[in-house]
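Protein chains: 2
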Amino acid sequence: MNFADNLIERIRSLGHPLCVGLDPHLERVPAPFRQGSMSPADPETPKAVQAFLGEVVDRLEKRVAVVKPQIALFEQLGWRGLEVLDALIDCCRARGLLVILDAKRGDIRSSAEGYARAYLEPGAALEVDAITVNPYLGGDTLVPFTERCRSHGRGIFVLVKTSNPGAEDLQDRSLEAGTLYEAVAGMLADDCRRLVGPKTGWSALGVVVGARHPEPAERVRELLPEALFLVPGFGAQGAGAEQAIRGFRSGPNGCEGGIVNSSRAILYPDAESWETGFEMRLDEAIDRLGEAIR
Amino acid sequence: MNFADNLIERIRSLGHPLCVGLDPHLERVPAPFRQGSMSPADPETPKAVQAFLGEVVDRLEKRVAVVKPQIALFEQLGWRGLEVLDALIDCCRARGLLVILDAKRGDIRSSAEGYARAYLEPGAALEVDAITVNPYLGGDTLVPFTERCRSHGRGIFVLVKTSNPGAEDLQDRSLEAGTLYEAVAGMLADDCRRLVGPKTGWSALGVVVGARHPEPAERVRELLPEALFLVPGFGAQGAGAEQAIRGFRSGPNGCEGGIVNSSRAILYPDAESWETGFEMRLDEAIDRLGEAIR
Numbered sequence: 001m002n003f004a005d006n007l008i009e010r011i012r013s014l015g016h017p018l019c020v021g022l023d024p025h026l027e028r029v030p031a032p033f034r035q036g037s038m039s040p041a042d043p044e045t046p047k048a049v050q051a052f053l054g055e056v057v058d059r060l061e062k063r064v065a066v067v068k069p070q071i072a073l074f075e076q077l078g079w080r081g082l083e084v085l086d087a088l089i090d091c092c093r094a095r096g097l098l099v100i101l102d103a104k105r106g107d108i109r110s111s112a113e114g115y116a117r118a119y120l121e122p123g124a125a126l127e128v129d130a131i132t133v134n135p136y137l138g139g140d141t142l143v144p145f146t147e148r149c150r151s152h153g154r155g156i157f158v159l160v161k162t163s164n165p166g167a168e169d170l171q172d173r174s175l176e177a178g179t180l181y182e183a184v185a186g187m188l189a190d191d192c193r194r195l196v197g198p199k200t201g202w203s204a205l206g207v208v209v210g211a212r213h214p215e216p217a218e219r220v221r222e223l224l225p226e227a228l229f230l231v232p233g234f235g236a237q238g239a240g241a242e243q244a245i246r247g248f249r250s251g252p253n254g255c256e257g258g259i260v261n262s263s264r265a266i267l268y269p270d271a272e273s274w275e276t277g278f279e280m281r282l283d284e285a286i287d288r289l290g291e292a293i294r
Numbered sequence: 001m002n003f004a005d006n007l008i009e010r011i012r013s014l015g016h017p018l019c020v021g022l023d024p025h026l027e028r029v030p031a032p033f034r035q036g037s038m039s040p041a042d043p044e045t046p047k048a049v050q051a052f053l054g055e056v057v058d059r060l061e062k063r064v065a066v067v068k069p070q071i072a073l074f075e076q077l078g079w080r081g082l083e084v085l086d087a088l089i090d091c092c093r094a095r096g097l098l099v100i101l102d103a104k105r106g107d108i109r110s111s112a113e114g115y116a117r118a119y120l121e122p123g124a125a126l127e128v129d130a131i132t133v134n135p136y137l138g139g140d141t142l143v144p145f146t147e148r149c150r151s152h153g154r155g156i157f158v159l160v161k162t163s164n165p166g167a168e169d170l171q172d173r174s175l176e177a178g179t180l181y182e183a184v185a186g187m188l189a190d191d192c193r194r195l196v197g198p199k200t201g202w203s204a205l206g207v208v209v210g211a212r213h214p215e216p217a218e219r220v221r222e223l224l225p226e227a228l229f230l231v232p233g234f235g236a237q238g239a240g241a242e243q244a245i246r247g248f249r250s251g252p253n254g255c256e257g258g259i260v261n262s263s264r265a266i267l268y269p270d271a272e273s274w275e276t277g278f279e280m281r282l283d284e285a286i287d288r289l290g291e292a293i294r
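These protein sequence lines are chains D and W, in that order. When you line the first sequence up against my numbering, it's residues 1 to 294, in that order. When you line the second sequence up against my numbering, it's residues 1 to 294, in that order.
Incorrect hints may have been included.
[As the list claims (entries may be wrong)] To spell it out: a stretch of chain W is covered by chain D in this simulated footprint if at least three of its residues, at any positions, have a beta carbon under 8 Å from a beta carbon of chain D; those stretches are:
id, stretch
1, 68-81
2, 86-96
3, 103-112
4, 160-171
5, 175-187
[Said to hold, decoys possible] Distance windows between CB atoms, simulated:
id, chain 1, residue 1, chain 2, residue 2, range
6, D, S39, W, L14, 31 to 41 Å
7, W, H152, D, S250, 19 to 29 Å
8, W, P165, D, G186, 30 to 40 Å
9, D, P122, W, E27, 40 to 50 Å
10, D, G178, W, E215, 20 to 30 Å
11, D, P43, W, E291, 48 to 58 Å
12, W, H152, D, G186, 52 to 62 Å
13, D, G251, W, D58, 57 to 67 Å
14, D, G178, W, E275, 48 to 58 Å
15, W, H213, D, E147, 24 to 34 Å
16, D, G251, W, R194, 42 to 52 Å
[To be verified] A short list of chain W residues far from chain D (calculated; beta carbon distances all over 12 Å):
id, residue
17, R12
18, P24
19, P30
20, S39
21, E121
22, L137
23, Q243
24, E256
25, D270
26, R288
Hints are computed from structural coordinates only; laboratory data are not their basis. Built from N, CA and C at the ideal position, the CB exists for glycine as well.
Construct the entire structure; sequences and hints are all you get.
As structure tokens, then:
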């Protein structure tokens, strides 16, 4: 099944496009789960991360369509961190959650082939539904990923316009025609069209478009009408719900066209009890996004 | 000690800038080391990779200054692959080899912090001397890495002009002034200057500049006079020794200013016996590069 069809059908049935980011910031892991020093070198730390995120994932079943683990924060724990990620992915899949691995990988073709094998094949060592990809090396380096979209129903989200302060350093550079991020979007257009799902008309080749600046979202939507947007930074990074869905367009049950990620604001609430804070923040994010798309 | 000083002093004493890429392409692992099906999912595969690359590393001691494992090809084996990489890095360090991890990481600041902790701190889970970094997200995302260059004597090599066919898709785009790769080089200039080592005048902030097109190498050298070049693709990807060192400049014992990586041509020789082929190709690469710099 096409990844976009799969994702969009789940979003339609849940009524909101919230994606929860699984980002184990060690210094923020809530008190009930902390073990040992919580430093990367302490062998107790991976266990604490596993217990914490396992609890989060249990609470997400049937409430969100998709989660996004940030692999950097698992890698900081070395191979033991990837072992935790492996178990966590199994746990997500068992609970019916789609998994987008936020890996931002990109390399020459033979190495990109290694990443595609690592994440996007049936029986892969860390098998997920989709990953995020960095386009700086150019079109040929995306081929191993788009091949798996076609052959194995996987998805990719290519970085186009990110939400960090330095995004303007390169992505907003003016080319002889347009900006760099527009050139990246242009480079993706053919593949994006080719990977459209038959059921929903959305493509398994999506893009990362930050929520801080809504104008680029509208421009990318013009260039890539079928691309799903992965919008980071809802909540903690300050974007409102309407701003976050700016690049969406009307669908059968309100507007659609991507997912909106929130991580810190949900995982690490300021509250007396972690459970209460988590539930409140999760419900709040779901409500706000559900309302915005309706 | 500044990373560039450390690297350049070793290169001067050995008389050549060869870096050997440790790239476990599963289908090419030589016959004497193969175990089981050599597929990513087979638990025998990591053992075969470990045996093979362990043998390679043993043979590199005191002959090359630096090695470059390609993490994608370890990641395809999941956490067991990182476990092998971990052991391999220990083995390299025990043999006095510097290790540049070819990870091409790049992410928003809080995630980049995770990668910096994973690879560039004392006692890190996978502690190496330097890593390769992707600049697409912009200057703020490089800070966690340059901080470790300053505080812990580490190095980074930022992708500027890569050697793959699609490199031209974005990197050669004309901006209103110059090209994108020149803009990337320009963005790095201040940090590059700040990270110069007191002994050799070379910087711990280096750049990846492919060997296929020598003109960009000369242009990047103008923009970043102190940056060490990591030049991939010597041998297999067809660049000659003179072409590979085009961006170098004259030093006390011939020209210097970077390292030239060869992987497939050395690790996977066409020869009756792997040992004979490996030794021959290694000697050949060392000789050709040594001659070129003199």
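Status of the hints after comparison with the structure:
1. Counting residues of the stretch 68-81 of chain W whose CB falls under 8 Å from any CB of chain D gives 10; the rule of at least 3 is met.
2. A count of 1 residues in the stretch 86-96 of chain W with a Cβ less than 8 Å from any Cβ of chain D is obtained; the coverage claim is therefore unmet, three being the minimum.
3. As drawn, the stretch 103-112 of chain W meets chain D at 9 residues by the rule of a beta-carbon pair under 8 Å; at three or more, the given contact holds.
4. With 10 residues having a beta carbon nearer than 8 Å to a beta carbon of chain D, the stretch 160-171 of chain W meets the requirement of three or more and the stated coverage holds.
5. For the stretch 175-187 of chain W, the proposed coverage by chain D is satisfied: 6 residues have a C-beta within less than 8 Å of a C-beta in that chain, meeting the threshold of three.
6. Range check, S39(D) to L14(W): about 37 Å between beta-carbon atoms, so the 31 to 41 Å window is met.
7. Hint check: H152(W) to S250(D), Cβ distance near 52 Å, so the stated range 19 to 29 Å is violated.
8. P165(W) and G186(D) have their C-beta atoms about 18 Å apart, which leaves the hinted 30 to 40 Å range violated.
9. A C-beta distance of roughly 19 Å is found between P122(D) and E27(W), which places it outside the suggested range of 40 to 50 Å.
10. Taking 20 to 30 Å as the suggested C-beta distance range, the pair G178(D) and E215(W) conforms, at roughly 25 Å.
11. Between P43(D) and E291(W) the beta carbon distance is about 49 Å. The supplied range of 48 to 58 Å therefore holds.
12. Take H152(W) and G186(D): their Cβ atoms lie about 41 Å apart, and the range 52 to 62 Å is violated.
13. Between G251(D) and D58(W) the Cβ separation comes to about 60 Å, which falls inside the hinted range of 57 to 67 Å.
14. The hinted window of 48 to 58 Å between G178(D) and E275(W) holds, with their beta carbons roughly 54 Å apart.
15. In this structure the supplied range 24 to 34 Å holds for H213(W) paired with E147(D), their Cβ-Cβ distance being about 27 Å.
16. Between G251(D) and R194(W), the C-beta spacing of about 50 Å keeps the proposed range 42 to 52 Å intact.
17. The non-interface label for R12(W) is consistent with chain D: the shortest C-beta to C-beta separation is roughly 30 Å, beyond 12 Å.
18. With a least CB separation of 9 Å from chain D, P24(W) falls inside the 12 Å interface cut-off, contrary to its annotation.
19. The non-interface label for P30(W) is consistent with chain D: the shortest C-beta to C-beta separation is roughly 17 Å, beyond 12 Å.
20. Against chain D, the non-interface label of S39(W) is violated: not every CB pair exceeds 12 Å, the least being about 9 Å.
21. Annotated as non-interface, E121(W) brings its C-beta within 12 Å of a C-beta of chain D; the closest such distance is 8 Å.
22. With a closest Cβ-Cβ approach of about 5 Å to chain D, L137(W) is found to fall inside the 12 Å limit, against its non-interface label.
23. No beta-carbon of chain D is positioned within 12 Å of the beta-carbon of Q243(W); the least distance is around 18 Å.
24. Distance to chain D confirms E256(W) as a non-interface residue, since its nearest Cβ pair spans about 25 Å, more than 12 Å.
25. Every beta carbon of chain D lies more than 12 Å from that of D270(W), the smallest distance being close to 18 Å; the non-interface claim holds.
26. Non-interface call for R288(W) relative to chain D: holds, since the shortest CB-CB distance, roughly 22 Å, exceeds 12 Å.
Violated hints, listed in ascending order, are 2, 7, 8, 9, 12, 18, 20, 21, 22; each of the other numbered hints is respected by the structure.
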